[in-house]
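Q: Required output: the full structure, derived from the provided sequences and hints.
2 protein chains.
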Amino acid sequence: MTSSNKYSYKKLQDFCSTVFVKAGVMKEQADIVAASLVQADLRGVDSHGVVRTAIYLKRVEQKMINPAADIHIEKENESTALIDGGNHFGAVVGDKALKLAMEKAKTTGVGMVGVKNSNHFGTGAYYALEALKQDLGTIIMSNASQTMPPTGGVRPFIGTNPLAVGIPCGAYQPFLLDMATSVVARGKIIVAAQKGESIPQGWAIDKNGKPTTNAEEALEGSVLPLGGTKGYGISMFIDILSGVLTGAGFGKYVHNMYEDWEKPQNVGHFFITFDINKFIDIQEFKNRMDLYISDVKGEPRGEDVDEILIPGEIESRISEQRKKNGIILPLKVENELTEIGLKYGLSLKDALMKKVCKESEGV
Amino acid sequence: MTSSNKYSYKKLQDFCSTVFVKAGVMKEQADIVAASLVQADLRGVDSHGVVRTAIYLKRVEQKMINPAADIHIEKENESTALIDGGNHFGAVVGDKALKLAMEKAKTTGVGMVGVKNSNHFGTGAYYALEALKQDLGTIIMSNASQTMPPTGGVRPFIGTNPLAVGIPCGAYQPFLLDMATSVVARGKIIVAAQKGESIPQGWAIDKNGKPTTNAEEALEGSVLPLGGTKGYGISMFIDILSGVLTGAGFGKYVHNMYEDWEKPQNVGHFFITFDINKFIDIQEFKNRMDLYISDVKGEPRGEDVDEILIPGEIESRISEQRKKNGIILPLKVENELTEIGLKYGLSLKDALMKKVCKESEGV
Numbered sequence: 002m003t004s005s006n007k008y009s010y011k012k013l014q015d016f017c018s019t020v021f022v023k024a025g026v027m028k029e030q031a032d033i034v035a036a037s038l039v040q041a042d043l044r045g046v047d048s049h050g051v052v053r054t055a056i057y058l059k060r061v062e063q064k065m066i067n068p069a070a071d072i073h074i075e076k077e078n079e080s081t082a083l084i085d086g087g088n089h090f091g092a093v094v095g096d097k098a099l100k101l102a103m104e105k106a107k108t109t110g111v112g113m114v115g116v117k118n119s120n121h122f123g124t125g126a127y128y129a130l131e132a133l134k135q136d137l138g139t140i141i142m143s144n145a146s147q148t149m150p151p152t153g154g155v156r157p158f159i160g161t162n163p164l165a166v167g168i169p170c171g172a173y174q175p176f177l178l179d180m181a182t183s184v185v186a187r188g189k190i191i192v193a194a195q196k197g198e199s200i201p202q203g204w205a206i207d208k209n210g211k212p213t214t215n216a217e218e219a220l221e222g223s224v225l226p227l228g229g230t231k232g233y234g235i236s237m238f239i240d241i242l243s244g245v246l247t248g249a250g251f252g253k254y255v256h257n258m259y260e261d262w263e264k265p266q267n268v269g270h271f272f273i274t275f276d277i278n279k280f281i282d283i284q285e286f287k288n289r290m291d292l293y294i295s296d297v298k299g300e301p302r303g304e305d306v307d308e309i310l311i312p313g314e315i316e317s318r319i320s321e322q323r324k325k326n327g328i329i330l331p332l333k334v335e336n337e338l339t340e341i342g343l344k345y346g347l348s349l350k351d352a353l354m355k356k357v358c359k360e361s362e363g364v
Numbered sequence: 002m003t004s005s006n007k008y009s010y011k012k013l014q015d016f017c018s019t020v021f022v023k024a025g026v027m028k029e030q031a032d033i034v035a036a037s038l039v040q041a042d043l044r045g046v047d048s049h050g051v052v053r054t055a056i057y058l059k060r061v062e063q064k065m066i067n068p069a070a071d072i073h074i075e076k077e078n079e080s081t082a083l084i085d086g087g088n089h090f091g092a093v094v095g096d097k098a099l100k101l102a103m104e105k106a107k108t109t110g111v112g113m114v115g116v117k118n119s120n121h122f123g124t125g126a127y128y129a130l131e132a133l134k135q136d137l138g139t140i141i142m143s144n145a146s147q148t149m150p151p152t153g154g155v156r157p158f159i160g161t162n163p164l165a166v167g168i169p170c171g172a173y174q175p176f177l178l179d180m181a182t183s184v185v186a187r188g189k190i191i192v193a194a195q196k197g198e199s200i201p202q203g204w205a206i207d208k209n210g211k212p213t214t215n216a217e218e219a220l221e222g223s224v225l226p227l228g229g230t231k232g233y234g235i236s237m238f239i240d241i242l243s244g245v246l247t248g249a250g251f252g253k254y255v256h257n258m259y260e261d262w263e264k265p266q267n268v269g270h271f272f273i274t275f276d277i278n279k280f281i282d283i284q285e286f287k288n289r290m291d292l293y294i295s296d297v298k299g300e301p302r303g304e305d306v307d308e309i310l311i312p313g314e315i316e317s318r319i320s321e322q323r324k325k326n327g328i329i330l331p332l333k334v335e336n337e338l339t340e341i342g343l344k345y346g347l348s349l350k351d352a353l354m355k356k357v358c359k360e361s362e363g364v
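Read top to bottom, the protein sequences are chains X and W.
Position 223 of the first sequence, counting from 1, maps to 224 under my numbering, and the rest follow consecutively.
Position 45 of the second sequence, counting from 1, maps to 46 under my numbering, and the rest follow consecutively.
Just so you know, the hints here were simulated from the structure itself, not pulled from any lab data.
Since we're looking at a predicted model, the values are computed, not measured.
A few of these clues could be false.
If several chains are the same, the list does not tell them apart, and a pair holds so long as it fits within one copy or across any two.
Stated by the list, open to error - Below, simulated DSS-like cross-link-like pairs (lysine-lysine); rule was C-alpha separation at most 27 angstroms, straight line:
id	residue 1	residue 2
1	12	324
2	344	264
3	298	211
4	97	11
A: This is the structure:
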């Protein structure tokens, strides 16, 4: 159930940032975390939006995130670096890693930066969009705690390790792929379970490793990798680059943000940034991207298909709408944020969109 | 139907190489093309093996591949390069691009090399295995001619653009993912059609864009990307890096190897190579990979599952077997190669494994 209130994304971001500052985070860093969350809400990726404020705060309070940590470069070369996040917020560590990768890309053509000792870093799209502001291409990965079985396995072993790719276009919105490596978001199974609906075959297995269409059983079991063995392989390779290569956790050594209160998550990320100009003139590239997209959009469509879409296009449209019309939150999230506000002496109501009142005729 | 003859992979490679030399290819380059094909047969990826000899030769004869081309670096930076393949064999161009990427990785940590004006380059695994000999990690991509529709489309627009990832391990075989971005290889649908069997829902659409389980209808339609919209996005991003960024063809501008005799293919490839030592000591990395793999192999398994496998593991085992016991070819391929041999004054029989005869007792 959603609230009927509409929140200004800018004010919501200020609200979250102020909360994080009051919880002990430096202003500049609190801004990054808040921007990363609110941007997800703007783009319609509500699962990664301000809904995470409460858990982030709880992990700070329980000393599972260290907002005073020193994020430092442990190893560096012309085009590579390894960053130790010191268990800071994922978004803050990620932002630093991205900036370093971008700097390197501008010099040598490529920046490849691995990160260890980090936390949930929000959406990959957040970083891809930052790099797109400077016309840089990116491939961004992160590992995550266990949710999917290996092919042949019966219980969670790898995370739904996300992959994001950002590529600038000319007249069109950027190509922005940001996907988990599971068939479907676990959230969709939760919704089906709440509604008492069944789920399609192939989404999940039950706790005994058997295929199930029962949403309740699926939640006790595991969500499956996309495309079977192929998704298992993709998810593993993301885990290898983000975790095994960086010194972060991998497989069972990445700890669950919601369930593990003994150990930091030790999430790992991997940022690849490249300078398009080092391959081809950026303007020519953008023209070629526009041709590619106009070609694909011009393809004959199936019945009931209004338009062929490009990765990131829906999210970009939702973002424009929500910037203008405001963000609507689930009641549960609104209540949580209201309580958090109360605790820190802030009113969530201050983040509402201003009502535009027209003068009535004759009054 | 397969022949009962067993071929020595080394002799089969010599046979193919000699054929290419006689068709006008330089010895060193013919060796690369032959090695790439035979390695695919060794690893059980027969679709990319010596079955391609005939079409490669035909394209040389029809001047659709230029074996005398100058492959040159068009643009270069510390960590990047753009190579113009001059329409040489894909494997020869790919080999040059890989070597350049490896050289750069050893210096700056990363090599990222794009390729245009190339042809079918065999399997991505071939290049990944070359880099693995030097303990380098790789991400390798290529685009291909149109076989899959975009989400919402009804006819082929993008290729089943392959992605390969190679990562060294210690005690275990390397992690070697090499996959097309389709749900399933088109070859499996061909086999089902030949047997008059139906195919599972979700593999393909018919020529009107409707889901079909009829293999014949599927062959007139399109094979689908893995994981629906996600596979469509992955395949597009491979097309963007391999084609749009490099100046090669992309989408409909990559020409079909079997059907287009007017224009060269203009395939594009993209090689990313990285030096693990620049992030973490290679021995420590290998130990971590071994732990990762032993963890996943130790997971509880589903009923009827003997073993949890790692990407590339089956292929590596088949390769060991075929090196020892020989390669068996489909009758059609054996006949084709025999004819090719006759044309160039070579006998395919010279590539058979030697029969090991034991002395009979008392004789």
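Q: The structure should be examined with respect to each hint, and the outcome stated for every one.
A: Comparing the hints with the structure gives:
1. 12 <-> 324: Within one copy, since 11 angstroms is at most 27 angstroms while 66 angstroms is not.
2. 344 <-> 264: So residue 344 and residue 264 pass the 27 angstroms test inside one copy only (26 angstroms; across, 69 angstroms).
3. 298 <-> 211: Classified as between: cross-chain Cα gap 19 angstroms, same-chain 40 angstroms, threshold 27 angstroms.
4. 97 <-> 11: Only inside one copy: residue 97 and residue 11 sit 23 angstroms apart there, 51 angstroms across copies, limit 27 angstroms.
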